[in-house]
Amino acid sequence: MTPPILEVSGLGIAFGGLRAVDDLSFRAERNAVTTIIGPNGAGKSTVFNLISGALSPRAGKVTFDGRDCTGAPPHRMRTLGLGRSFQITSLFPDLTVFENLRLASEVLEPRSRWLLPVSRSPIALARADALLSRFALTGRADELAGALSHGEQRRLEVAMAIAAEPKLLLLDEPTQGMSHGDTEETAELIRSLAADLSVLLIEHDIGLVMTISDHVVVMHQGRKLAEGAPAAVRADPAVQAAYFGHA
Amino acid sequence: MVEAATGPVADPARGARPIDRIGLAMRASHLLALLLLAGCLVFALVAWRTGDVFYLRLATEALIFAGLALSVDILLGYTGLLSLGQALYFGLGAYMSAVLLRSGWSFAGVMAAVLLGATVVSFLGGLIVSRVRGVYFALITFGMAQVAAKAVYNTRELGASDGLIGVPIVKIALGFTTVSSDSPIGFFLFVLGFMVLLYLALSYLLDTPFGRILIAIRSNERRVPFLGYQPQRARLCAYVAAGIVAALSGALYPMLRGFVSPELMSFTTSGNAVITVVTGGAGTLVGALYGSVILTALRSVIGSWTSHHLIVIGLIFMAVVIFFPRGLIGVIRARLESWLVRRRTR
Ligand SMILES: Nc1ncnc2c1ncn2[C@@H]1O[C@H](COP(=O)(O)OP(=O)(O)OP(=O)(O)O)[C@@H](O)[C@H]1O
Ligand SMILES: [Mg+2]
Numbered sequence: 166m167t168p169p170i171l172e173v174s175g176l177g178i179a180f181g182g183l184r185a186v187d188d189l190s191f192r193a194e195r196n197a198v199t200t201i202i203g204p205n206g207a208g209k210s211t212v213f214n215l216i217s218g219a220l221s222p223r224a225g226k227v228t229f230d231g232r233d234c235t236g237a238p239p240h241r242m243r244t245l246g247l248g249r250s251f252q253i254t255s256l257f258p259d260l261t262v263f264e265n266l267r268l269a270s271e272v273l274e275p276r277s278r279w280l281l282p283v284s285r286s287p288i289a290l291a292r293a294d295a296l297l298s299r300f301a302l303t304g305r306a307d308e309l310a311g312a313l314s315h316g317e318q319r320r321l322e323v324a325m326a327i328a329a330e331p332k333l334l335l336l337d338e339p340t341q342g343m344s345h346g347d348t349e350e351t352a353e354l355i356r357s358l359a360a361d362l363s364v365l366l367i368e369h370d371i372g373l374v375m376t377i378s379d380h381v382v383v384m385h386q387g388r389k390l391a392e393g394a395p396a397a398v399r400a401d402p403a404v405q406a407a408y409f410g411h412a
Numbered sequence: 560m561v562e563a564a565t566g567p568v569a570d571p572a573r574g575a576r577p578i579d580r581i582g583l584a585m586r587a588s589h590l591l592a593l594l595l596l597a598g599c600l601v602f603a604l605v606a607w608r609t610g611d612v613f614y615l616r617l618a619t620e621a622l623i624f625a626g627l628a629l630s631v632d633i634l635l636g637y638t639g640l641l642s643l644g645q646a647l648y649f650g651l652g653a654y655m656s657a658v659l660l661r662s663g664w665s666f667a668g669v670m671a672a673v674l675l676g677a678t679v680v681s682f683l684g685g686l687i688v689s690r691v692r693g694v695y696f697a698l699i700t701f702g703m704a705q706v707a708a709k710a711v712y713n714t715r716e717l718g719a720s721d722g723l724i725g726v727p728i729v730k731i732a733l734g735f736t737t738v739s740s741d742s743p744i745g746f747f748l749f750v751l752g753f754m755v756l757l758y759l760a761l762s763y764l765l766d767t768p769f770g771r772i773l774i775a776i777r778s779n780e781r782r783v784p785f786l787g788y789q790p791q792r793a794r795l796c797a798y799v800a801a802g803i804v805a806a807l808s809g810a811l812y813p814m815l816r817g818f819v820s821p822e823l824m825s826f827t828t829s830g831n832a833v834i835t836v837v838t839g840g841a842g843t844l845v846g847a848l849y850g851s852v853i854l855t856a857l858r859s860v861i862g863s864w865t866s867h868h869l870i871v872i873g874l875i876f877m878a879v880v881i882f883f884p885r886g887l888i889g890v891i892r893a894r895l896e897s898w899l900v901r902r903r904t905r
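Protein chains in written order, with the numbering used here: chain A, 166 to 412; chain B, 560 to 905.
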């Protein structure tokens, strides 16, 4: 039996006196959408930072694809097959949309091509082209990323996270600030992605969470409050009190 | 309208193909570089016909300092790192060249040694400075250059505050001809060719995925590691490349002037190179070349009117920064670039 794509156990980090993530354990199964929910400041993004290497945990273990990756730096996690998007859009604003995608796809090329002209990176160029049409950004390809609308920037943010064909994709509130139509499309997209890869999602839109998640982890004040199938989690009285009560 | 994702690279000609803006910008730089090259050749012809020596020597010096400016531009314009100590490598190249030439080394031997020396020293320096960014990078590069300049200043074997004089004339064998460093026209053309090669090598390097990573670092370094790259390593490579370019340029200096002095390693030299790049246009490569020519010309012309030429140049620099923040050539290149884009999209 293959191990889960991601397993974290006893994960912990503190900022000053604040235990942002505290003794957190959960798994993300392969080809599934696992969603982390929780009120603002629950520590969700910090979990992403700990998994993707932006932060090193003070306690606990991160096992990615059967390998101990605790404290591995971001570029290594990317090489092992982890892609992530950011809650606060993080693009290359003074490069074009196409160039943003090409950069994100470049790691698909053998390193021997890194010192050849960019036009000799056919895999990355083809990948960037494919992403443009998949994310309906073809018409904006030559625009500077900084000049895109908020919704388009969010789409580009997700496109860059999947550009290098990760095994596990971490999406931090991908639909935040998106129009209703874009949110629906993104939900469909995430669902379709789960056919080839695994998704770990942070999402506030409860309706969306209920429809697209296979598994839900609820966080509250850095700790895991509950986990399980979407419907079961929603019915949990503790979750209702701590989370739905607030919202 | 959307093309299939298979094999779209083969035909970049028509339709929905995205435009490589950075590539087009580089092409705009090439056009301006060609113009500069033509200007230099015309100048050489006129100077040669009139038997001028002074201006040819001055122009050669401008080109040598253009190499130092190119090196600053790799860091400042592409990677977003302000080096206030690039003269360290320029001076390293100059002193190595002077010492070796005085011991009778050949041109090729000197350049090979400088290449090696600069690689080693800039790698070691890079290990230190690639850990930091922003103002820390500026301060550490400044500090390292100050330490090196002070060390040279206090080393009697290197001529201490007087520098080294009496660097012999060197014969440069090019296969088809031999250039002597004391021939004003010959050495000018040689240095011109050398700078063309440096420029071409750098524009090649910056048009590779590696070069694009440097640009990405300038644009938003925090995202870069999540794309699978190591910004620190890329910064180290950029720093080494810049060190080599500065040192190779510096190595030509004693061939031109016959001496070296600690001034070549000083903050004045480093600072001038930054001013040159900003005046010409950071992140364009060609701006560094024009900047050096423009500033050398200004210094010489204004210097012949008034001994307060630094004040005038300071004021001009301020005006450029205020009115043309992209630099004099940066502005023109941006125009040229949008013209190329329009031509492409039509
Ligand atoms: N680098 C940091 N330094 C100090 N405190 C931090 C840092 N990152 C997060 N925190 C704090 O840790 C807590 C958890 O933050 P986190 O961003 O993980 O919450 P979240 O669940 O993603 O919230 P939101 O839904 O608002 O995005 C917050 O109180 C936050 O202020
Ligand atoms: Mg968050």
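Warning: the hint list may mix true and false statements.
Restraint ranges, calculated between C-beta atoms of paired labels, are given here [claimed, not checked]:
no.: 1; chain 1: A; residue 1: Ser221; chain 2: B; residue 2: Thr904; range: 43 to 53 Å
no.: 2; chain 1: B; residue 1: Ala732; chain 2: A; residue 2: Leu281; range: 29 to 39 Å
no.: 3; chain 1: A; residue 1: Arg241; chain 2: B; residue 2: Leu759; range: 51 to 61 Å
no.: 4; chain 1: A; residue 1: Ser277; chain 2: B; residue 2: Thr904; range: 44 to 54 Å
If you want a taste of the chain B side facing chain A, the calculated C-beta under 8 Å gives, among others [claimed, not checked]:
no.: 5; residue: Ile578
no.: 6; residue: Leu583
no.: 7; residue: Ala584
no.: 8; residue: Ser762
no.: 9; residue: Asp766
no.: 10; residue: Pro768
no.: 11; residue: Ala775
no.: 12; residue: Ser778
no.: 13; residue: Asn779
no.: 14; residue: Arg782
no.: 15; residue: Phe785
Hints in this document: simulated from the structure, not taken from any laboratory.
The structure displayed is predicted, hence computed values, not measured ones.
Each residue gets a CB set at the ideal place from its N, CA and C atoms; glycine is no exception.
- Task: Grab the minimum C-beta distance from B:Ser762 to chain A and call the hint holds if it beats 8 Å, violated otherwise.
- Result: With Cβ-Cβ at 10 Å, over 8 Å, it is violated.
- Task: Let me know if the C-beta of B:Pro768 comes in closer than 8 Å to any C-beta of chain A, holds or violated.
- Result: holds, 5 Å
- Query: Range hint 44 to 54 Å: satisfied by the CB atoms of A:Ser277 and B:Thr904?
  - Reply: violated, 33 Å
- Item | Closest C-beta approach of B:Asp766 to chain A relative to 8 Å, hint status | holds, 5 Å
- Item | Outcome of range test on Cβ distance (A:Arg241, B:Leu759; 51 to 61 Å) | Violated, since A:Arg241 and B:Leu759 (Cβ atoms, about 35 Å apart) do not stay within the stated range.
- May I ask you to test the interface hint for B:Asn779 with respect to chain A, counting a Cβ-Cβ separation under 8 Å as satisfied? Because about 5 Å separates B:Asn779 from the closest Cβ in chain A, which is inside the 8 Å limit, the hint holds.
- Item | Given hint B:Ala775 near chain A, where the shortest CB pair must fall under 8 Å | holds, 5 Å
- Query: Per the CB criterion, is B:Ala584 less than 8 Å away from chain A?
  - Reply: The hint is violated - B:Ala584 has no Cβ within 8 Å of chain A, the shortest such distance being about 11 Å.
- Interface restraint verdict for B:Ser778 against chain A (beta-carbon cut-off 8 Å): holds, 4 Å
- Message: Given B:Arg782 as an interface hint, is its Cβ closer than 8 Å to any Cβ of chain A?
- Response: holds, 5 Å
- Message: Let's test the interface hint: is any C-beta of chain A closer than 8 Å to that of B:Phe785?
- Response: At about 5 Å, which falls below the 8 Å cut-off, the nearest Cβ of chain A leaves the hint on B:Phe785 intact, so it holds.
- With 8 Å as the cut and Cβ atoms as the points, is B:Ile578 at the interface with chain A? Where the cut-off is 8 Å and the nearest Cβ of chain A is about 5 Å from B:Ile578, the hint holds.
Going through the hint list in order, the structure does not satisfy hints 3, 4, 6, 7, 8.
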